[in-house]
Each structure stands twice: as C-alpha cells, then as structure tokens.
Amino acid sequence: MRWIRTVALVGLMLLFAAAGPGLAQAKLKVGFIYVGPIGDYGWTHAHDQARRITERTLPIETLYVESVPEAQVEPFIDKLIQQGARVVFTTSFGFMDGTLAMAKRYPNIIFGHASGFKRNRNMFTYMADFYQIYYLNGLMAGALTKSGKIGYVAAFPIPEVKRHLGAFALGIRAVNPTATVNVRWLFSWFAPAKAKEATEALIAEGADVFAFTEDSPTVIQVAAKKGLPSFSHYSPMQRFAPQHVISGQLVHWEAIYIDFLRKVLAGKYTADNLQNVDYWWLLAEKAVELGGDFGVPVNPVWVPKLQAVRVNTREFGTVSVYDLVMRRLAQMSKTPVAFDPFTGPIRDRKGVLRVPAGKTMTVLELTTMEWAAPGIVGPWPKEP
Amino acid sequence: MEEWVLNTIIRGLALGTPLLWAALGEVYAERSGVVNLGVEGMMVLGAFSAFALAQTTGNPLLGLLLAAGAGAAAALLHAFVTITLRANQYVSGLALTMLGLGLSALLGRRWEGLPLLETLPEVSAFTYLSLLLAVALWFVLYHTRWGMIVRSAGEAPAAVDTLGLNVALVRYLAVVFGGALAGVGGGFLSVAYRPSWTEGMTNGLGWIAIAIAIFASWDPLRAVAGAFLFGALFHLSFRLQTWVAPEPLQMMPFAFTIVVLAATARRGGRAQGAPEALGVPYVRGER
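If you read the sequences in order, they're chains A and B.
Sequential numbering from 1 applies to the first sequence in this note's numbering.
Sequential numbering from 1 applies to the second sequence in this note's numbering.
FYI, nobody ran anything at the bench for these hints, they're computed from the structure.
Glycine included, every Cβ here is placed at the ideal spot set by N, Cα and C.
Some hints here could point you the wrong way.
[As the list claims (entries may be wrong)] Here are some chain B residues pointing at chain A (derived, C-beta under 8 Å):
#, residue
1, 3
2, 143
3, 144
4, 200
Hey, can you work out the whole structure from these sequences and the hints?
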C-alpha cells in the first residue's frame, strides 16, 4: 500500500508544479510604491486613481503600498515581489537609487521610476509634466492680476518646481510684461499650515492671483476666503472654490501606465530592453490636462473676464487672452508641437542668456533647470 | 509697519489657538504625572470628527464638541493602558499617535475633499475664550485645592494616596481632560483654521504642542505665550523670505520660541522642573 501513497504524492506534486506557473501567468501582477498617503489629494492620490483605471482597463492585478519613506523603498519592493509582482512602479524622485539597486538585484522584474533620470535594462523612467500647462495658467494669471503681483506657494526648490515656475512666469510676461511672480518656499510636499501662512504672507504683500505646488487645496481655500482667484494643482480642486478657481493642472498617469503595460503584455517591452525607454509625456500624449476639473479647461465663470482682456501677439495679431490660451493649447496638443514655452531667446532674471534664439530646451535641460525666469521675485536657492 | 504688526498678531492668534488648546491639555496630563505623546493622534481625530459633524449638521461648534469627545475617548485609552495596566507611557503615546492618524485616515476617506459651508472665523470670540480658558486653568492649577491635587499626583502620588485620595482617578481625569482639549485644538484646524478634511492634516502640530507644554515649564500662562509666539513666528518665517534665506527661516520659529521660553523661565520658582513622578506609573507601597 505504501507505493500507492508515494505515487499519489508524486502525482499531486506534479499537478501543482504544472498548475502553479499556469495560475501565476493568468494575470500580470503590478506593484505600486507611493511616497504619500493615497488620500493626500495630490501626487499620490493621482497615481492611485491611475492605478485603479489601469486595473479596470487591462487584464492585470495591482498591489500597492502607501506612505513609504524615500530611504526605505528597497524592503517594500522586496515585499511586493514576494507577493508576486512582476512589474513595480516607484512613484517618487527620492526612490530613484533604491529602485535602481533593486532592478539590478532582480533582473527579471520590470521596474518603472517616475520623475527620475536613471535607467537600466529592466528599468524605465516616466513623467507626466505640467510645464506647458503652467505656461497657459501664466497667460491667464497675467491677464487677471490687478496688483501686478501673482503669488506662488512652492514646495521644494528643485528643477521640477523651478521649471514650472519658469513656464508660469513666461506665460505671465507674455501678456503682462511688468507683472511679477512672488514666490514662497515650503520645503514640504504636504503641509497645510505652512501653505496657509505662506498664502497669508503673499496676500499681505499684495498678491491677488495664486498658483502653488502642494498636495492640499489650502492655497485655493485661503485665497478664495479673501475673494482672490487661484489655479488648482494636480487634482480637480475646482469644487473647493467654484467661483474662484480659474483653471489648473490635471494629470492622467493612467495614459502612461496603460500604454506601457499594454506593451509589456504584448511582449514588446521586457526586462531586457528598457535602457532607453523614457516616457516624457505632455499635452499631446494626453498625460496632462488643462483645468481645475476634468473636461473644464477654463472655469466658465472666468471665461468672459479672459475674453475681455486683449493682447497683441506677433503670431495671431490682437486677440483676447482666452483665445490666446485656446490657440496655444491647440498648438501644444499636436504632434509634433507647434509651440513650446521654452523657445529662445530667453534670458534668466539676472540677464544671462539661457535659451538662444530659435532653440528650444531639451528634456535634459528641462529636468535639470535651476535658473529663474524673468519676473520671478523672491529667494531662489541654488540660483546659478 | 502698522500693517505688519497687526497682521502678525492676527496670524499668531489664528495658528496659536489650536496649539494653545493642545498644549494646555498636555500641561494638565503631565502635571498629573502622565506623559501623553498621543497629542498628534488626538488632534487629528478631533480634526476629522469636527469636520464630519460640521459638514453634516452645518454647525462648526457642534463639530468642536464632538472633537472634544473624540480626543477624550482616545485619551481614555491611553489612561487605561498607562494608569490601570501601567504600560510604558511613551510607547502608549506613540501608539496613540499612529492609531489616531490611521483611524482618521480610514474613516475620513469619504470626507476627503468636501467643502465646508459653515465655518468658524479664525480669530473670533473663540480666541478670547481660549485665553480665558488658559487663565482659568492657570488659576485652578495654582490657586485651588483641585489644582493642588493634580500637581501632587504628578509630584508625590504617595502623598495624595496617604490623604485618602484616588491617584488613579486624578490621573484619569487629567489625561481625559487633556485629550478633550487636544481634540478641540484639532477640530479648530478643520472647521476654522483651514476648513476641510485632509488625511494627516495636523502634520506635526501635535508635537509642537507637546514641545510648547514642556518649554512652558508646564505653566498654562507661559503656554499662552509659547503658542501665540510660535504662531506669529511661523507666519513671519514665510513673510520674511523676501529678505532672509528660506532655509534658516524654517528653523526660526522653533529655535526662537524655545530660546524665549527657556530664557524667561523663573529660576527656583514653582514653575521650574518637570513633575517629579512624570512618566512613572503609581503603585501603592512602591517608591
């Protein structure tokens, strides 16, 4: 009788050995590592919304970990891989080196790192960037300011934020050559109390239109309470101040996630050919959207006010700022783009020529930008 | 100049109010001998419950009342663990902070991003009520029999026991009262200071309140000075960025408040030094 048991056991083992990989292959498991809580109403929230949409769209299964400290990303990646993840996305700049180290340790797993610049044969980079939208927001801000001072509450003095502030300032100066952007730095991505006091300080200084980089709707609320307009950031924040939000920046990370994972499922991208894969996706790729709410590029409350301001442009003659915004939006939504905010000649606020006439900035120049555009007033750490 | 002074005072009062409530609560808890590092957790629970009720009923004051209850309930847990079970107060407090942040985040998911129609003004009668409360708590602590019992529970619990009073009950009451105040402080954040609910919105203010309580030498009146001074300097740290580099300015409110409170501490006065039995569970017959 003993041999029957042995045969049964061996048979069972063979069955599991055959079924195991078959079951695992049924659905691709994709892991996400977030730097903040998914309820932060900003960066992490947007990535999580994208994860949900991606899961609904593609035959995949997702896992996520939230509020991961930037220095401790490695054990969390380990955990996701142990849970079966074959693709891991890490969604903060500070995860870069940890992700690269893990990519080298797990050569068969596919890694994606948001907002960084280091890649590997099994690690690609991706970013949905707002600089074109900030330029459009700047056009509107320049038209609407009465005091000539526009307030900007900024998170950290890093290239990404500096680039957005730069595009914003260029937009403002395109319609209002004397207006300034007054900046306050928070040194936090999420700090409602800091954002509140920084906004109060800018209001006291005379700023009357606001934009910001911070993961809560604080700036919008504080400005609206004083009757002042603002631009929404990252998430659809128009509902926090339906009368006061002019427009804003919205992200569609799912555009990138779906495109990339489709190619993984089709076998086009593997853990062997990602060395040069970098998604730098903008308006044309529909990774970002202009507006304070999805489908609403400009709050209807503000449309007549923007139509009432007319500017003289070389390209379109005299047009209303609203028409200018819409034309620039159309130009930047085409492939290839018909307009780029960072087209030379551009001098920084110290007068140094940064972009020669006829040239536009490269992706590398944009992602390492440290200089301050003209019109920016306030401290600028690491100003070249 | 006038605008600067006036504006700074207003901002100091606005941010100082929630800090003051939480700091006063911590003063009472610690005076009775119980360290509660769960202020951040109690505040964020207060912030969430105040917002939820204010959003539903349209009455921010009702929200604050619920916030007091939420803070008190959380503190009751800490009191049970540390006074009845005699667990380590620091560990329990840290756990309470994590519990508060986690629980409010979980419960708060569907309140995220909702606007609040009826809000409380940042500087209002409530501000003056807060000042009156601080004076009253100072008076009770130093000039009444109740205050003496609370202080004795923190300095010499055996003496309180000898008098036939219940040390555990005194500490329970002080800790729960402290939690209620922290809850109101948190509630103020979500219905007045920045009317909305965001996960983790206290963002470290609870820790600042604890620091204020300690550097104020556990004196309610000095806590008033600490809270409003910190609030004003916190605002100035952004206002001054035009002239001063932002990196050192970040530390300015913390450093300056500590220096001022430390420099003005009365040497040899009654306010000096931590309560003798702070952090030590009381067991009858043990020393």
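Going through the hints against the structure:
no., hint, in the structure
1, 3, "7 Å, holds"
2, 143, "35 Å, violated"
3, 144, "35 Å, violated"
4, 200, "6 Å, holds"
Hint compliance for this structure: hints 2 and 3 are broken, all remaining hints hold.
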